[in-house]
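S.K.: Sequence:
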Amino acid sequence: MQAPTQTQMLKHLRHANRIAQHAIEQGHHPFGAILVAPDQETVLLEQGNLDTVNHAETTLIRIAYTQYEPDYLWNCTLYSTVEPCVMCAGTQYWANIGRLVYGISERRLLELTGNHNQNPTLEIPCRYVFEHGQKQIQVWGPIAEVEAEIVALHERFWT
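Reminder that position 134 of the sequence shown reads as 134 in our numbering, one-by-one numbering, no gaps.
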């Protein structure tokens, strides 16, 4: 599998963050995700958060699974502004998407949201989920170069 370059990671995470901004404008939580083809350039799908159980990642992954074969998805990369929760990581695992790049960690999100009733963050890292499976999903994140941009959306939204 061709790994994404740092330049590609930053470009795609910024794209996902624009999707998160659009989600806010639609009245949803500030999360964005995109799926990138094996060429590490082509954006196949993009999705903002819908609600508490229809996260950007799970919604995108479910759509992707209906449109692409599992062998193809294995060579794609999921980009998410925030580290996928246990539900989203599990969905990625079962859909057979072989790579993940995320901007800020679940722990950092918890620092931003606190005990917010609309985002009761689970502190279960996606790497923990993947390490307990049988697939070697590659993970990059958090990515420090985009942290301030992603955090800025969350600070405005959750406070």
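Hint data in this document are derived by calculation from the structure and do not stem from the laboratory. Careful, some of the hints might be misleading.
[Said to hold, decoys possible] Pair by pair, the computed Cβ-Cβ distance ranges are:
# : residue 1 : residue 2 : range
1 : Asn54     : Lys135    : 30 to 38 Å
2 : Thr5      : Asn117    : 35 to 43 Å
3 : Thr42     : Gly114    : 34 to 42 Å
Cβ atoms here follow ideal geometry from the backbone N, Cα and C, with glycine treated the same way.
S.K.: Is 35 to 43 Å right for how far apart the beta carbons of Thr5 and Asn117 are?
M.R.: holds, 40 Å
S.K.: Taking 34 to 42 Å as the stated bounds, is the beta-carbon spacing between Thr42 and Gly114 within them?
M.R.: holds, 38 Å
S.K.: Can the suggested window of 30 to 38 Å be confirmed for the beta-carbon pair Asn54 and Lys135?
M.R.: violated, 24 Å
Checked against the numbered hints above, the structure breaks only hint 1 and satisfies the rest.
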